[in-house]
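Please model the entire structure based on the sequences and the hints provided.
So the sequences go chain by chain: D and R.
Here the first sequence is numbered in our numbering, starting from 1 and rising by one per residue.
Here the second sequence is numbered in our numbering, starting from 1 and rising by one per residue.
I should point out that these hints are in silico values taken from the structure, not numbers from a laboratory.
Among the hints, erroneous ones may be present.
No farther apart than 20 angstroms at their CA atoms in a straight line, the calculated lysine to aspartate or glutamate pairs in the EDC-like style are these [claimed, not checked]:
1) R/K3 to D/D38
2) R/K3 to D/E59
3) R/K38 to D/E102
4) R/K70 to R/D29
5) D/K9 to R/E44
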Amino acid sequence: NAGVTQTPKFQVLKTGQSMTLQCAQDMNHEYMSWYRQDPGMGLRLIHYSVGAGITDQGEVPNGYNVSRSTTEDFPLRLLSAAPSQTSVYFCASSYSSHRGGEQYFGPGTRLTVT
Amino acid sequence: AQKVTQAQTEISVVEKEDVTLDCVYETRDTTYYLFWYKQPPSGELVFLIRRNSFDEQNEISGRYSWNFQKSTSSFNFTITASQVVDSAVYFCALSEETGRRALTFGSGTRLQVQP
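Next up, the structure:
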């Protein structure tokens with residue numbers, strides 16, 4: 001099992017550009033989510049999905065879109081990048097049947113917007 | 001709304017010292033789950049422990065121990081005889097039985113263990 005994979009590891013964008021951060025898991029987890037990590041603020045939830053075809057907003061969803069067409073993949077789209085989106089992005093997945101279950105995190109994508 | 005507070009921003013200790021990382025949480029749910037994650041300098045998030053709200057037993061795993069006290073809404077983490085490899089940022093997190101099923105993280109405590 002590869003677990004949760006994220007690509008790319010690093011990305012530099014110019015203000016206004018768009019891009020997609022990829023996230024995939026091979027554990028057949030129904031629940032997937034995206035967090036961003038900023039210095040001194042811990043991780044904050046951007047969007048999440050409880051299964052294919054179902055997504056919902058987290059704490060900081062503005063400027064981001066998601067879709068979930070398969071169980072395995074949960075891409076995060078930045079529509080028009082802004083310097084405030086400079087952050088480290090983590091994707092996570094877990095079994096849906098157990099709310100207290102461990103969330104498995106990907107290795108992260110470090111994004112810089114200039 | 002749920003909230004996790006880690007008041008210690010940074011702690012520096014000398015190797016072999018014991019160190020306790022504090023975590024205080026707020027939730028209205030009676031069923032919830034508490035977690036600790038470690039983030040070493042390499043950046044990945046490493047799961048350390050999960051505790052549900054009905055299990056107040058303290059837990060020990062090697063040099064690590066956790067003290068869960070519902071009366072004070074705290075879930076503190078102690079490293080005994082710290083080592084340089086323990087240097088990392090440690091996050092406490094909360095997940096509620098209702099709602100989004102996501103983790104609410106504290107802001108983290110950076111632990112530096114000096115040789």
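Here's how the hints hold up against the structure:
1. R/K3 to D/D38: With a Cα-Cα distance of about 17 angstroms, the restraint between R/K3 and D/D38 holds, given a limit of 20 angstroms.
2. R/K3 to D/E59: 12 angstroms, holds
3. R/K38 to D/E102: Holds - the C-alpha atoms of D/E102 and R/K38 are around 14 angstroms apart, at most 20 angstroms.
4. R/K70 to R/D29: 12 angstroms, holds
5. D/K9 to R/E44: Judged against 20 angstroms, a Cα distance of about 12 angstroms means the pair holds.
Checked against the numbered hints above, the structure breaks none of them.
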